[in-house]
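> Take the given structure of chain A and dock chains B, C and D to it, following the hints.
Chain by chain, the residues:
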Amino acid sequence: MSIKKDNNWEPRILAFCCNWCTYTGADLAGLNRMKYPENVRVIRVPCSSKVNPQFVLRAFQKGADGVLVCGCHPGDCHYSTGNYFTRRRFMLLQRLLEYNGIDPKRFQAKWISGSEAAKFRDTVAEVSAQIKALGPNNKFVGAHYDNTVMEKEAEGGKD
Amino acid sequence: MILAKKDIPKALEILSKEAAVYAPSIRKIEDRTTGVIQEEKIFLPFEEGTEIILDGPNTVKPPKDLLFPNVEKMYQYKAAGEDSYIREILPEDEKKILFGIRPCDMRSIESMDKVFFTKTYVDSYYAKRRDQVTIVAIGCLQPERTCFCDSMGIDPNQAPQADVMMNVAGEPEGESYVLQAQTEKGKALLDAISSLDQQEGAEPYQGTVCSLKIRKAEDLDKKLAGMFDHPIWDKVTKGCIGCGTCTFLCPTCYCFDIDNENYGNEGCKYRCWDSCMFSDYTRMAGGANPRPTKKERLRNRYMHKLSYFNERYGETLCVGCGRCIASCPSHLDISEFIEKATAADPDAVSYTDVPAGTDRKEA
Amino acid sequence: MAELSEAMVQDLIRAEAKKALQTGEVSCVIGWTATRFEDRTKPYFAQTPEECDMLIWNRYCINGTAKFALDDRYPDKKFGIIARGCDTRAINRMIHDKQLKRENLYIIGVVCDGKENPVCRQCAHKTPLVCDVMIGEPVQDVIPESRFQEIEAFEKLSPDERYAYWAKQYDKCIHCYACRNACPACNCIECYADQYRVGWQGKAADREQNQIYGLTRAYHVGDRCIECGECERVCPMHLPIMRQTRKMLKDINDLFGPYECGLSEEETTALGEFKTADPDEFM
Amino acid sequence: MARIGVFICHCGTNIASVVDVEKVAQAAKSMPGVAFATDYKYMCSEPGQAMIKQAIEEHHLDRIVIGSCSPRMHELTFRKMLKATNVNPYMLEIANLREQCAWVHTDRAKATEKAINLVRMSVAKVGNNKPLHTSMIPITKKALVIGGGIAGIQAALDIADCGFDVTIVEKEPSIGGHMVMLDKTFPTMDCSACISTPKMVDAGAHPNITLKTYCEVESVSGYIGNFEVTIKEKTKFVNHDLCTGCGLCQTKCPTKVISEFNQGMSKRPAIYIPFAQAVPSKPVIDENACLKLTKDKCGICEKICPLGAINYKDEVRYTKEQFGAIVVATGYELADWKKMYPEYGGGRYEDVITGLQFERLVNASGPTEGHIVRPSDGKEPKDVVIVKCVGSRDPKKGKSYCSRACCMYSAKHAHQILDKIPGSRVYIFYMDVRTPGKGYEEFYDNTRRDGAQYIRGRVSKIYKEDDKLIVKGEDSLLGRPVTVEADMVILATAMEPAPKIEEVVQKLGISMDKDKWIQEAHPKLRPVETQSAGIFLCGTCQGPKDIPDTVAQASAAAAKVAAILCHDEMETSPMISSVDQTKCSGCGFCVPTCPYKAISLVEVPGRDGNRKVTKKVAQVNEGLCQGCGCCNAACRTGCIDLKGFTNDQILKEVDALCL
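Protein sequences appear in the order of chains A, B, C and D.
Mapping the first sequence onto our numbering, position 125 (from 1) lands on 125, and the numbers just tick up by one.
Basically our numbering = 1-based index in the second sequence + 1000.
Basically our numbering = 1-based index in the third sequence + 2000.
Basically our numbering = 1-based index in the fourth sequence + 3000.
Pulled out of the complex, with its shape left as it was, chain A reads as follows:
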């Protein structure tokens, strides 16, 4: 949830990208000067299987509006079996979050290989548009500490 509340509000999206495939794909998108929205921030991890579901919870708690976990296609993992575990972990986490009221579009996972630069750009653009339509996330958000808005809770989250 970002501080600014006016209409050209920009969502804050976190993307955990695996170093061998998706991060390389993102660099390739840069090399080809492809353009995509600014509101995705990439965190580099050695393998998508390093991403602990608790990082995703932490992101929502600290005010992220959307989280993306990207890795190599199953079978292509640089570490051979990493993304098979990723697949199971995040299919279950996505359902658990949806079950707790978070819109599944806010948490997505995608397989993007090192050469699929266009797919990276399209994924980012698509996720950014979807979350911009959903608006700021007020679920699971902690009382964001802001010395001017100390006690007032985010509206909608707390009745």
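It is worth saying that the hints were derived from the structure and are not from the lab.
Errors might be hidden in some of the hints.
Calculated pairs, BS3-like style, for lysine-lysine (alpha carbon to alpha carbon, straight line, at most 25 Å) [as the list claims (entries may be wrong)]:
id	chain 1	residue 1	chain 2	residue 2
1	D	3616	C	2077
2	C	2115	C	2077
3	D	3500	C	2275
The following block gives chains B, C and D in isolation, referenced to the frame of chain A:
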């Protein structure tokens, strides 16, 4: 002053003009899938139409978190070169009225006052909240099966330290209450609602007695002081699972931990409840832990309630409200322990744990 | 054997406990004993044959007995447990998680007749799955079809309704960790929540920390929950914790095939393995 | 308190044109822990690096954040630079301001805000970096080759020629594998024995190579540079140190059993060498056939052996050896066509033979001294049918893959038959003819010119009619069924991995694909490596191939092994997982998630409360761990952590990005 039962909501509306009134009422959460409506009796802010329940079982959570909240911001800070600052955050100036608390909870507030005010250091946060609150205590009518406050030297009908004492007039089913102011604040409160005074009514009912009578030795605290290595501890503490339920629901537990929350180069320091039953409460650097197993921790809790507090403040810290008995997952019972400790021979070598309930059927 | 009454089972339990203690092989036998109120029992650790007469068996014996074996992870003698079906599943759970060794346990299995505990209505294993001696006639176990009924009903609500419901529940939570300490699947020696240096989890009991704790625990035990219901029973604020932990079991059931935990020591957990042909939604 | 230096690069105009670099540097000054922040045109240039070094001295910086191009580009450059300063090379984080910010955004304000955010993320992460040091693991300068076929021999020779000791473990009594069974090899028609036996002799005689024939690998542990392998020496009943290979015992041995080497078309004595040019040419006793060992009779060989080398009381011996690298060259086996194709007679007709059986027939040292005769009655066949793709390219009945070599060796067989039997006719049923190698197509043309009849179609049925084998098939080019009366049929059967390959793979901890061929690290870029560091593969164990490819792979694997053994020590990457053993509860959830089987549960002294106990905790093998971090997410208490990407660091990154 005599107040009719039906005038209670009116009285509270008058009072809630200048101060926030907290009274025992039911928090309902409707579960649409199973149709069950979860109900819990706790102290809630009074608004129009909230149904106040003064009799029946005591609240699940003690009034403690109105004076000593679970999370309390202490100070905020920012590190940004010249305009860095550290600012203390005192509780807001908000007058509160605590309406309808029982003598056992009132006694627990007295104990908390001793802790936070006496012995040279006054806790500014607690002090601020305590000054702003006016307490209206009510005489207990139907003590629960787990209540044993009169065995701990508390009269269920009297709360000498409260600002206003409320008792039912005449028999327990009486239609009105007798209110007696016991402090300046109490007088001011009664003046505010004097318009509802019925002038005449029967004497305040003083006959409530706890159903659960337990045999407690007079000098139990001194006896326990000598029983630190007594074999009773091995037996009594076995079933504990080391959770924090009893400490967080106990009205007289006041331990807290201090933590901070950082956002970039600014943040705030807050204190929050902590429990001596947690395994990491006394864990030190390097992993050493003077109280490594649940036996030591539960022994420490019982000793603090029944012996250590006496050494320092001269009174027992257990007010007999029975909340820890009602909510303990393993159904352990401090009253059972008090009876066994009273009956135990201090220098015994072995001890067999005979369940206290078997010889004393429920009254 | 003829249908056993509660009293007969109680005597058999006492006899078995005495026999175990007399051999000196067992340091203590844990079961239940009476408390001041007859509708409540508490765990009882009989250490001498005489103390075995304190052990009782009635429909209020609802406390889980298995997790107390973790109090001493390096025992020199065996630890006797009077175990119902759910307790044996807890034992299998802790053995699979390598926190207990089967040879350190002497299990007196008792066929359970359903206790005064809401979860017993959905019990799938009244017969102990692993025991040294069995009391009572083994009963045919069947998985009730109402296993995930509550979850499916809850899923039908709208996302905002679901979130509002959970927000209210987590507002109530007082962060006492009773659910963690009672759960046989939560058997780490140092829980993530106790590691403040890393900062996974704050200690305050405000909604934010409670939600993170609730969801993290649901995820941690999600693929190992044995549905014994202890978390819901011990919660002082009556949060529907099983409604969280069972959700992942339902998903694993749907996605990766029929799934039940604690049935044997060697079963693999859903998140501990993978199949290359797992369903994939992230293409 | 950390003293962080932040250096924002313009990258000429690449970054500066879109991102307001001065504003980013200014914003960096107010971030927690930042002691110095500046920007410069080319950080990676010499002056740029000099500027950083100078700033480190001047401001006593201990951590560096560089906002520049992708870490995949210059992380190594800046780490090498830091080696020259007293800052540990791993106290460095790089914010990707070019590929993932300047080049992909146009709006200057938003790009600058994102750049500031990315720098804040890196500053938050570097605040938690710990100095990491590469550790050195010693290398045992010895290689192990599993499998003594041409692949194993070639690899061993190349490694030995580099001066390293090699041990070949071969389960058969002699090395040579399948190649030594062949008669001629395509496309040059060299005699297979003439080109493989010299290599076998070289291997036997090479000072650096020790042959361990009639042995199998029992267990493998350890990691690259330090493999500890237990080798099981099966019972030979002949002491090879005493025996000179005179062969007297073989002539006197009364029992005759089927010779596996000659594909069951001849007999061999109980005490035997598989074939004449066997290396070592010393016999072993087949314990199931020897009368002395089974019924305690005979014992002639012991009596007549001039050197007393026979020892009936021999037992299995296990020897433990250290190796620095392992090459898997376990080869292939022909699939059992009898189960797959009952319609070809299912083995009832003796004259329906496999390619290998034909190789033995046409081989001069074979059972028929090179005369192509029918196994049933010994007559010379006039009409021969060769059926290709028996089991290959047939997912329903056999294997889905193509066995690659059969097209060529079937053409060779046709050429040999037409050459050796004047007036003979050869019909070859095929689906496609694949001749991908050098000189292969020309060889195929010569065969057709010799008169081989190529019929495009599959054979549906083979049955015997008095003395002839009726082969029913179709000619899909003519579009009508075809029947050939043949004297003999040769089946080009599919290749399969060597028997019981799963055990070897399981012992080595490497992985297989769905057809049980060993899984190479990367089909195109790392064909001779496996996922486990220090274990290489070559030859048909990785998939069907012919001899030229096998030998090429063998030399490649040897080069890879030499690359390891030529160093005394090996530097391991410090970005690997490590376990905080005080917090570890020994639950072992991390163990199954490790692709490299680098985590094991070990007993260590520890503390339970205030008691001293021996605890079972996880331990990471520094040589095997490649730093993927999969175990980190499986650990519930988070006590197994990946250095360089710790849970703590990523949490701080998430916090910084969500400000």
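> Hint by hint, say whether it matches the structure.
A quick look at each hint next to the structure:
no.	hint	verdict
1	D/3616 x C/2077	holds, 19 Å
2	C/2115 x C/2077	violated, 31 Å
3	D/3500 x C/2275	holds, 23 Å
The structure does not agree with numbered hint 2 stated previously, though it agrees with all others.
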